[in-house]
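**Q** Listed below are the residues making up each chain.
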Amino acid sequence: MAFDPKEREAIMGQVGDALAPGQTMDSIGEDISSIILTKKPPKSWYIGLGIAGLLMGVLMVSVIHLLFFGVGVWGINAPVGWGFAIINFVWWIGIGHAGTLISAVLFLFRQEWRTSINRFAEAMTLFAVSAAGLFPLLHTGRPWLAYWMFPYPNTLGMWPQFRSPLIWDVFAVTTYATVSAMFWYLGMIPDMATMRDKAKVKIQKVIYGMASMGWRGSAVDWHRYEVAYLLFAGLATPLVISVHSIVALDFAVSVIPGWHTTIFPPYFVAGAVFSGFAMVLTLVIPVRAIYGLKHIITIRHIDNMSKIMLATGLMVFYGYLNEVFFGWYSAHEYEMYMIWNRMTGPYAPAFWALIFCNGLVPQLLWFKRVRHNVIAIFFISIVINIGMWLERFVIVVTSLHRDFLPSSWGMYYPTKWDLAIYAGSIGFFFFAMFLFIRWIPMIAIFEVREVNHKQQHG
Amino acid sequence: MNQAETQNALYGISAEFADDVTLLAAAHKAREAGYTVMDAYSPVPVHGLHEALGGKRTKLPYIALAGALAGLLGGLWLQIWVSAIEYPMNVGGRPLVSWTSFFPVTFECMILGAALATIGGLFAMCKFPQPYHSIFNTPGFERASNDRYFLCIEAQDPKFDKEAVRTLLNDAGAEAVSEVKP
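From first to last, the protein sequence lines stand for chains A and B. With my numbering, letter number 252 in the first sequence gets 252, and the count goes up by one each step, no holes. With my numbering, letter number 112 in the second sequence gets 112, and the count goes up by one each step, no holes.
Hints listed in this document are in silico derivations from the structure and should not be mistaken for laboratory results. Keep in mind that a hint or two might mislead.
Chain A stretches covered by chain B per the calculated footprint, using a threshold of three residues with CB under 8 Å from any CB of chain B [said to hold, decoys possible]:
| # | region |
| --- | --- |
| 1 | 165-177 |
| 2 | 205-214 |
| 3 | 223-234 |
| 4 | 298-306 |
| 5 | 446-453 |
Interface residues of chain A toward chain B, partial, derived using beta-carbon atoms under 7 Å [what the hints assert, rightly or not]:
| # | residue |
| --- | --- |
| 6 | M25 |
| 7 | G29 |
| 8 | T194 |
| 9 | S242 |
Just so it is clear, CB atoms sit at the ideal spot from N, CA and C, and this is done for glycine as well.
Let the hints inform the model, and build the full structure from the sequences given.
**A** Written out as structure tokens, the structure is:
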């Protein structure tokens, strides 16, 4: 794609080879495609798929239970009506955003190192968005009527309320899922042709052949393809920002203390990127070790992702400080109480755990020794995932459980079904990731070849 | 068409190259020799190749723009029509066409329209999906998606002459030159 290494050097002021030396066009194709075409999946793949499959079973049981008995099986009630469903929705969709950031934003900024991880991160986006979509649907209580949220002519003469952030959400999330899927597939077409041509078995040839759309790598097609890819990157970038801003507006447009604040959209977007990169690292670190891809996903990738995590982590932490400051500065009785309650009330442990996970632990990333220690990064990324989940918990629960009238205060305790469906959604996500690793080249072959070529010939 | 003609029918003559530099040079040579109906095939995009073959800039961005405008106007109109014409609801005298709160949906529709137009336009222009193409009859073409570069001068070219094309491609440094059946 339109990378000019000299220009990039001028902009970024740093060059380090993203790929290990000594690789050829053929070796890259072979290393990535053989995982699918010739090698047997490692034992850990079966074990992982098995565990994820069991959790999928948990999801299925808990969804059936939920549909049978209604949302009352969850811990939600007045005054906390959102609970785990919305926490998980925001958490998952935030995780998804790193995929778009890696594939679109880093592409526009000409960060060539992204090519080793973008396919993987985009797959993560797609599955995370699917997992996210589950929660608002189930939270409606009657998901089979979810189509009511779309504007379509009906005999009731009813239309959606376009001034409601919840309807903005419907449009944002469905657009995001559609565009992410198309972007992902678009990026995959040339690789599908490589798979078709490398396939040894008839059935593989036929399936990858169909998926490749008849791609033959013609110069005209490449030209159109690159323009289309650039257009998609340009469209996905504002889209990803708009999606999480709209998710933030679900909160900010309301009048609840702690939610009604203008810092929410930017701070939510930073948090999304933060958690998304953490999830990419959580996934990529074991995969590169198990599949022997350390020469393609190098320590430089881990280092760069850690730096982005550090930067966005600081932005998020700034958001927390800002919330506390404006809680006090507003001189607004309810806002001040909300902040005080958050720090010392019944949910204070969650708040301080959040500060530990998202405020303190990421500071370790300042040190190169930590950034180059893969195991340390793996655990830090998990801590950040937990921290970002706690952040959403704190935002949703502490604001709702004590708002204005002390007579309507209450406590929120998740039930076992809340936990089961959350664990189930993680199972669903990993199940989909395992299938992806097995059947789709998890690294963009042609893009890595291009970067490799440039690395060798300047 | 009788049998002899069918046997002689030719899609073009294609040459296999070991690297992108030779391919690019060959494309320039062919263009200078006056060939116009030809295409090159490569596993990674080769910069300047499309221009070397005399290709024009694609119109895809305009298609994307049209999709974006359609999405923008369609989305905005949908909301205005629903909120002000089809089901007007007077809430304390607030304006029916409250366009600021229509902005998010309008924006999402614009992006969706542009993205659908881009991928639709790309597929239409490249004629995807296309399960069969004569170029796949080139011997060794499966490496065009791996580590080989191909240039095919097609029989439809007004200047097409088997021997001349063969000589040109051989001189350009081709590893192999072969006839491609349609």
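**Q** Against the structure, test the hints numbered earlier, and report the numbers of the ones violated in rising order.
**A** 4
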